[in-house]
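With these hints in hand, go ahead and build the complete structure from the sequences.
One line per chain: the protein sequences are H and W, in this order. Anchor point for the first sequence: position 625 equals 625 in our numbering, and the numbering is continuous, going up by one each time. Anchor point for the second sequence: position 190 equals 190 in our numbering, and the numbering is continuous, going up by one each time.
Only true hints are included.
DEER-style ranges, computed between Cβ atoms:
(1) W:T102 - H:G221: 50 to 58 Å
(2) W:D50 - H:V21: 32 to 40 Å
(3) H:G149 - W:D50: 56 to 64 Å
(4) H:A61 - W:T20: 32 to 40 Å
(5) W:F4 - H:A680: 32 to 40 Å
(6) H:V21 - W:K53: 31 to 39 Å
(7) W:I252 - H:G149: 28 to 36 Å
(8) H:D191 - W:K239: 46 to 54 Å
With a cut-off of at most 20 Å between alpha-carbon atoms, the simulated PhoX-like pairs for lysine-lysine come out as follows:
(9) H:K406 - H:K350
(10) H:K58 - W:K2
(11) H:K165 - H:K80
(12) H:K549 - H:K580
(13) H:K402 - H:K430
(14) W:K2 - H:K291
These aren't lab readings, by the way, just hints derived from the structure by calculation. Using N, Cα and C, we set each Cβ at its ideal position, and we do this for glycine too.
Each chain is listed here by its residues.
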Amino acid sequence: MSTQYNVIGTRPIRHDGADKVTGRALYGADIQLNGLLHGAILRSPHAHARIKRIDTSKAEALPGVKAVATAADFPAAGDKIVDLGEGATPLSYIRGNVLAQGKVLYRGHAIAGVAATSAHIAEEAASLIEVEYEVLPCTLTAPDAMKDGAPILHEDLHMQEFGKKTDKVNNVADHFRFSIGDAEKGFEEADLIIEREFHTSTVHQGYIEPHNATVLWNNDGRVQVWTSTQGSFVVRDTTACILDLPVAQVKVTPMEIGGGFGGKIPVYLEPVAAVLSKKSGRPVKIVMTRKDVFEASGPTPGSYIRAKIGAKRDGTFTAAQAYLAYEAGAYPGAMVGPGAMCIFAAYDIKNVTVDGYDVVVNKPSTAAYRAPGATNAAFAAESVVDEIAEKLGIDPVDIRLKNAAKEGTQRVDGPKYRRVGCVEVLQAIKASEHYNAPLGGPNRGRGIGIGFWFNVGLPSSCTISVNADGSVNLVEGSTDIGGTRTSIAMQAAEVLGIPAEQVHPSVVDTDSIGFTAVTGGSRTTFATGWAAIEAARDIVRQMKERAAKLWETEPAEVNFENGVFSKNGKSMPFAELASKIGETGGPIVGRGAVNPRGVGGSFAGAIADVEVDPETGKTQVVRFTSIQDVGKAIHPAYVEGQMQGGSVQGIGWGLNEEYYMDTTGTMRNSSLLDYRMPTALDLPMIETIIVEVPNPGHPFGVRGVGEANIVPPPAALANAIHQAAGVRLRTLPMKPSTIMEAVWAK
Amino acid sequence: MKWFDYQAPRNIGEAVEAMTLHPTARPLAGGTDLLVQMRAGRRTPDLIVDIKKIPELNQLHFEPGLGLTLGAAVPCYRIYNDSAVSRAYPSLAEVANIIGGTQIQGRASIGGNLCNAAPSADSIPLLIALGATARITGPSGERTIDVAAFCTAPGVNVLQPGEILVSIQIPPTAGGARYLRFIPRNEMDIAVAGAGVSVTLSNGNIQSAKIALASVAPTPITVDASSLSGAPVNDDTLKKAGELAAAAAKPITDMRGTADYRRHLCAVLTRRALASAIAAAKESK
Ligand SMILES: Cc1cc2nc3c(=O)[nH]c(=O)nc-3n(C[C@H](O)[C@H](O)[C@H](O)COP(=O)(O)OP(=O)(O)OC[C@H]3O[C@@H](n4cnc5c(N)ncnc54)[C@H](O)[C@@H]3O)c2cc1C
Numbered sequence: 001m002s003t004q005y006n007v008i009g010t011r012p013i014r015h016d017g018a019d020k021v022t023g024r025a026l027y028g029a030d031i032q033l034n035g036l037l038h039g040a041i042l043r044s045p046h047a048h049a050r051i052k053r054i055d056t057s058k059a060e061a062l063p064g065v066k067a068v069a070t071a072a073d074f075p076a077a078g079d080k081i082v083d084l085g086e087g088a089t090p091l092s093y094i095r096g097n098v099l100a101q102g103k104v105l106y107r108g109h110a111i112a113g114v115a116a117t118s119a120h121i122a123e124e125a126a127s128l129i130e131v132e133y134e135v136l137p138c139t140l141t142a143p144d145a146m147k148d149g150a151p152i153l154h155e156d157l158h159m160q161e162f163g164k165k166t167d168k169v170n171n172v173a174d175h176f177r178f179s180i181g182d183a184e185k186g187f188e189e190a191d192l193i194i195e196r197e198f199h200t201s202t203v204h205q206g207y208i209e210p211h212n213a214t215v216l217w218n219n220d221g222r223v224q225v226w227t228s229t230q231g232s233f234v235v236r237d238t239t240a241c242i243l244d245l246p247v248a249q250v251k252v253t254p255m256e257i258g259g260g261f262g263g264k265i266p267v268y269l270e271p272v273a274a275v276l277s278k279k280s281g282r283p284v285k286i287v288m289t290r291k292d293v294f295e296a297s298g299p300t301p302g303s304y305i306r307a308k309i310g311a312k313r314d315g316t317f318t319a320a321q322a323y324l325a326y327e328a329g330a331y332p333g334a335m336v337g338p339g340a341m342c343i344f345a346a347y348d349i350k351n352v353t354v355d356g357y358d359v360v361v362n363k364p365s366t367a368a369y370r371a372p373g374a375t376n377a378a379f380a381a382e383s384v385v386d387e388i389a390e391k392l393g394i395d396p397v398d399i400r401l402k403n404a405a406k407e408g409t410q411r412v413d414g415p416k417y418r419r420v421g422c423v424e425v426l427q428a429i430k431a432s433e434h435y436n437a438p439l440g441g442p443n444r445g446r447g448i449g450i451g452f453w454f455n456v457g458l459p460s461s462c463t464i465s466v467n468a469d470g471s472v473n474l475v476e477g478s479t480d481i482g483g484t485r486t487s488i489a490m491q492a493a494e495v496l497g498i499p500a501e502q503v504h505p506s507v508v509d510t511d512s513i514g515f516t517a518v519t520g521g522s523r524t525t526f527a528t529g530w531a532a533i534e535a536a537r538d539i540v541r542q543m544k545e546r547a548a549k550l551w552e553t554e555p556a557e558v559n560f561e562n563g564v565f566s567k568n569g570k571s572m573p574f575a576e577l578a579s580k581i582g583e584t585g586g587p588i589v590g591r592g593a594v595n596p597r598g599v600g601g602s603f604a605g606a607i608a609d610v611e612v613d614p615e616t617g618k619t620q621v622v623r624f625t626s627i628q629d630v631g632k633a634i635h636p637a638y639v640e641g642q643m644q645g646g647s648v649q650g651i652g653w654g655l656n657e658e659y660y661m662d663t664t665g666t667m668r669n670s671s672l673l674d675y676r677m678p679t680a681l682d683l684p685m686i687e688t689i690i691v692e693v694p695n696p697g698h699p700f701g702v703r704g705v706g707e708a709n710i711v712p713p714p715a716a717l718a719n720a721i722h723q724a725a726g727v728r729l730r731t732l733p734m735k736p737s738t739i740m741e742a743v744w745a746k
Numbered sequence: 001m002k003w004f005d006y007q008a009p010r011n012i013g014e015a016v017e018a019m020t021l022h023p024t025a026r027p028l029a030g031g032t033d034l035l036v037q038m039r040a041g042r043r044t045p046d047l048i049v050d051i052k053k054i055p056e057l058n059q060l061h062f063e064p065g066l067g068l069t070l071g072a073a074v075p076c077y078r079i080y081n082d083s084a085v086s087r088a089y090p091s092l093a094e095v096a097n098i099i100g101g102t103q104i105q106g107r108a109s110i111g112g113n114l115c116n117a118a119p120s121a122d123s124i125p126l127l128i129a130l131g132a133t134a135r136i137t138g139p140s141g142e143r144t145i146d147v148a149a150f151c152t153a154p155g156v157n158v159l160q161p162g163e164i165l166v167s168i169q170i171p172p173t174a175g176g177a178r179y180l181r182f183i184p185r186n187e188m189d190i191a192v193a194g195a196g197v198s199v200t201l202s203n204g205n206i207q208s209a210k211i212a213l214a215s216v217a218p219t220p221i222t223v224d225a226s227s228l229s230g231a232p233v234n235d236d237t238l239k240k241a242g243e244l245a246a247a248a249a250k251p252i253t254d255m256r257g258t259a260d261y262r263r264h265l266c267a268v269l270t271r272r273a274l275a276s277a278i279a280a281a282k283e284s285k
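Printed below as a string of structure tokens:
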């Protein structure tokens with residue numbers, strides 16, 4: 001069934017490779033402009049406080065200071081509701097997170113910005129701003145924030161329940177329920193029911209490059225922004241919205257980006273730098289410190305989850321139920337919706353009910369992180385599945401295969417799957433050398449887990465122009481985090497029948513390309529790739545016209561295959577025809593603008609082997625394999641890279657990463673030394689098994705590979721630790737002390 | 001970070017003078033603690049005195065009868081790359097090799113590790129177990145004190161205004177030694193607990209043992225291990241050593257671990273370190 005491709009499935013060198021390995025690539029903080037000022041942000045030392053007074057006079061008087069900005073410098077937000085691509089949100093929340101007004105809601109919450117002739121002066125000036133606080137008690141976890149009498153973050157936030165506003169003010173922004181079949185009846189049919197509680201910590205994406213923004217508010221009123229972001233159009237639209245400008249009065253130039261994983265979608269610094277630039281008449285650059293990144297960007301929610309599954313003796317799941325309370329941080333939007341949709345998404349269960357709660361707490365406002373919401377949920381569901389398999393004496397892969405989601409399976413939120421690869425992923429696990437290998441030592445265990453992510457479509461634009469030397473220039477608007485310049489260029493090259501190296505891709509600013517949604521949701525290779533396919537097809541159509549002209553025939557009579565135009569024995573390769581475009585009518589520009597449906601969800605699995613030191617509780621990952629249905633691997637090396645990267649982040653999330661908060665709401669480990677992401681020395685080589693069940697909704701079968709791979713690792717590790725140490729961990733991270741305490745409690 | 005001045009004296013006298021004239025001056029060895037602390041605003045010296053250009057502070061000299069003179073600014077990589085030192089003090093070479101990673105070891109010194117006086121400093125428990133002393137020079141002359149008495153509180157040591165650490169003296173050893181720490185990662189991490197142990201044997205029994213701990217009190221602490229003298233080399237003795245360490249520890253609960261867990265780790269690490277030191281002592285015979 002495999003289609004023959006010339007370019008797709010090969011591993012060309014990435015187009016941005018030379019710049020990246022030589023250090024020439026320009027990242028956000030590398031930008032230098034004439035007259036550039038350096039900005040600093042004053043941040044709240046309290047997790048929850050009312051701002052009584054802000055006095056900036058001492059900062060303004062410091063020599064070298066050129067401008068100071070507070071929320072009072074922003075136009076009023078009123079009760080405007082905006083949709084910047086992630087659903088309707090009150091503008092006051094988006095704005096309030098950029099600069100606090102009235103109250104600070106987490107430690108690190110930005111209060112004021114300063115621009116000065118050096119970063120050190122700016123820092124000193126920020127420390128001279130006097131803020132009078134009325135410190136309020138704080139609430140840090142979803143279960144605590146939901147209790148009667150908990151400190152209230154937003155007095156005007158009324159709980160929405162089942163789609164309707166209520167008059168309850170309880171830190172819950174939203175309580176929703178998904179339901180199919182009859183869960184109660186389903187549980188009555190079960191021979192075994194397991195229900196467990198799970199807690200997961202707030203974790204950070206941990207991208208290497210800190211947030212940054214450089215802004216020039218030009219004399220003609222246009223605002224120019226240089227930043228590293230996952231979505232230049234999101235930055236444009238958000239900045240314009242906060243400053244109350246028409247969108248195209250802002251121009252965003254995306255710089256190279258040092259990682260994002262979902263965390264570089266929200267806007268933090270741009271509107272502040274813009275106001276400072278307007279006031280000072282000079283460009284202003286602001287770069288976060290690592291501490292700022294931890295305390296004041298958007299980590300992913302901590303959560304409390306209860307998961308319950310009923311099974312017959314033969315392993316058939318009869319019903320499932322879950323309760324998920326996710327910590328949104330300071331403003332609503334905890335990604336609990338996707339968590340609720342994903343928690344049982346890998347299984348064909350007829351009777352399911354899932355309740356979700358979006359809860360505000362005094363921690364930074366959360367953002368997306370690779371398959372947002374799904375990893376927490378899979379940790380819970382996959383731990384319960386494993387326990388059921390153990391109790392029923394069924395192999396963990398077999399019980400999953402027995403219940404695996406397939407074409408036609410209905411998810412709890414309603415949709416029925418088209419062709420999906422859940423079964424194939426499980427079969428690949430079962431057939432793998434790893435799953436069948438001996439454990440190779442004492443105190444070792446092996447665990448598996450599987451998980452799902454939807455992937456998304458959303459709009460993308462692309463133009464391609466033909467060069468006389470037979471190469472083409474490809475222009476697109478998706479910032480390149482994971483090698484997408486190349487995976488997009490390869491799809492154009494496939495259509496055009498030319499080598500990938502003959503495509504020169506550029507990621508350009510928001511003035512220079514049509515609207516393109518974020519690099520996120522694993523959509524870029526799928527959607528911007530599709531735009532490139534359309535643009536390339538447009539080129540082929542126009543080139544056929546030129547060939548027809550030369551051969552004095554109709555364009556419909558011209559054939560095009562493997563990069564060669566032909567008609568009745570006459571033929572001309574792409575490059576040769578390209579050299580004649582001047583004489584046959586002038587430049588050829590193809591365009592593609594898409595908002596594709598046909599998104600294909602991706603299933604992933606993980607096999608983890610661990611060794612647990614019985615005296616210290618330290619877990620060493622001995623062997624790890626990531627398995628994923630990617631639809632079609634356009635560039636297999638980048639696909640493997642995504643699977644390895646997601647696995648490593650999932651391992652960190654599972655074993656050591658956490659926001660360690662004290663009772664005052666201060667993160668005690670806000671440095672890379674203490675946050676403990678895994679390093680190369682903590683990991684085995686991550687093995688990969690690419691499964692390809694083509695997505696029927698994409699011309700080349702692409703599903704998107706960036707996210708599903710992070711979903712199973714914590715669950716797989718928990719199941720492995722259970723085998724190695726005899727304890728089931730239901731709290732993340734499963735750090736050594738937690739494991740030891742569980743062993744002692746046994 | 002605030003502005004500051006920089007000086008690089010060529011001899012001890014100049015360094016002491018600079019330190020004496022500027023009460024907030026800080027010596028700079030590798031800078032792997034100091035620069036990080038300055039960037040975080042935790043230290044704001046107006047003068048940095050770079051001591052790396054002073055010959056005495058760069059000495060690394062081993063003499064079998066006399067022991068080791070370790071200049072205060074000698075970076076870790078020189079210690080584990082020196083074959084005589086590595087042979088005589090394999091435990092010291094190992095500690096130099098676990099502080100930070102390769103880049104850090106190119107600069108970081110044992111002197112800096114000691115002067116920084118962190119409760120978690122990896123070299124200090126081993127230095128204590130090896131019976132090391134610190135040679136100090138200042139405006140009122142030279143003095144020598146036991147490393148065990150050097151640290152007085154987190155980040156605070158016995159040095160008086162104008163004083164600098166010149167070198168660390170380690171006596172010759174007749175037995176074996178080992179430092180073990182517990183970190184959740186495999187490198188680039190701060191000890192949740194650490195145990196430095198040295199031991200000498202006689203007729204198959206323990207002649208004397210020294211134990212010191214990291215990360216379980218405001219300073220590195222010495223465990224009274226005198227009750228181990230004369231004890232046979234067996235599992236009971238190892239277990240007893242662990243119990244002594246756990247009893248001496250005064251840990252707190254923080255982001256690196258709970259107090260109970262840390263006390264437990266002291267026992268495990270001390271037992272394992274002692275077993276390893278005994279093996280080394282047997283081998284060195
Ligand atoms: C990434 C990283 C990893 C690390 N990992 C570890 C680790 O695993 N284990 C560990 O223990 N530490 C670790 N550290 C901390 C640090 O590297 C060590 O403490 C190192 O030994 C300090 O030596 P230095 O020469 O760099 O000291 P410096 O930073 O130069 O000095 C440290 C302090 O001592 C003072 N000082 C230095 N020399 C003298 C002197 N001769 N007289 C008087 N005062 C003096 C300085 O003024 C300063 O206050 C790490 C640090 C980093 C950045």
